[in-house]
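K.L.:
Sequence:
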Amino acid sequence: MPGIIVSDTSSLIVLNKIDRLHLLKSLFGQITITQTIAKEFNHPLPDFINIQDPQNNNYQKILKSFLDEGEASAIALALETKDCLLIIDELKGRREAKALGINYTGIMGILIIAKEKKIISSVSAIIEEIQKTDFRLSSKLIEETKRKSGE
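The numbering used here numbers the first residue of the sequence shown as 4 and each following residue consecutively.
Hints may be right or wrong, so weigh each one.
As the list claims (entries may be wrong) - Below are the PhoX-like pairs computed for lysine-lysine, each with C-alpha atoms no more than 20 angstroms apart in a straight line: (1) K67 / K20; (2) K95 / K143; (3) K101 / K20; (4) K149 / K121; (5) K135 / K120; (6) K120 / K28; (7) K118 / K151; (8) K120 / K143; (9) K118 / K28; (10) K28 / K64; (11) K28 / K67; (12) K120 / K149; (13) K135 / K149; (14) K118 / K149; (15) K42 / K67; (16) K64 / K101; (17) K120 / K151; (18) K121 / K28; (19) K42 / K64.
It is worth saying that the hints were derived from the structure and are not from the lab.
Input sequences plus hints: build the corresponding full structure.
P.N.:
As structure tokens, then:
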């Protein structure tokens, strides 16, 4: 298990919309977000979410030139953390995390891990809940997630 779990805003928002934010606590215990992400989330934070900003904001300034502010702050914080898992869903942010050697996953990866750990019984049911929100999921990603989770 990574030493710190850093989350971008989108995963928090979608899990909150489907009343499943507790999955993050069940899987990881503590989640870390930046002040920027807390503002973007714009909901009261549960006690398992800590706020920590990057110490060196130079990374964040550079990343903000082509990513949104929340993604830039999450990636900048992840860069400063040696043993980290970044939860990020936006494709541009994921590409940048990969290029920088950051270990990352997204909401579908979270569901696969939750099923493997028997925290949820079905990824399909949660995917259906997510599809009722404005969170976009490609059919290819849905199929791959179901396949990886044995559904």
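K.L.:
What hints, given by number in increasing order, does this structure fail?
P.N.:
Going through the list in order, the structure violates hints 1, 3, 5, 8, 10, 11 and respects the others.
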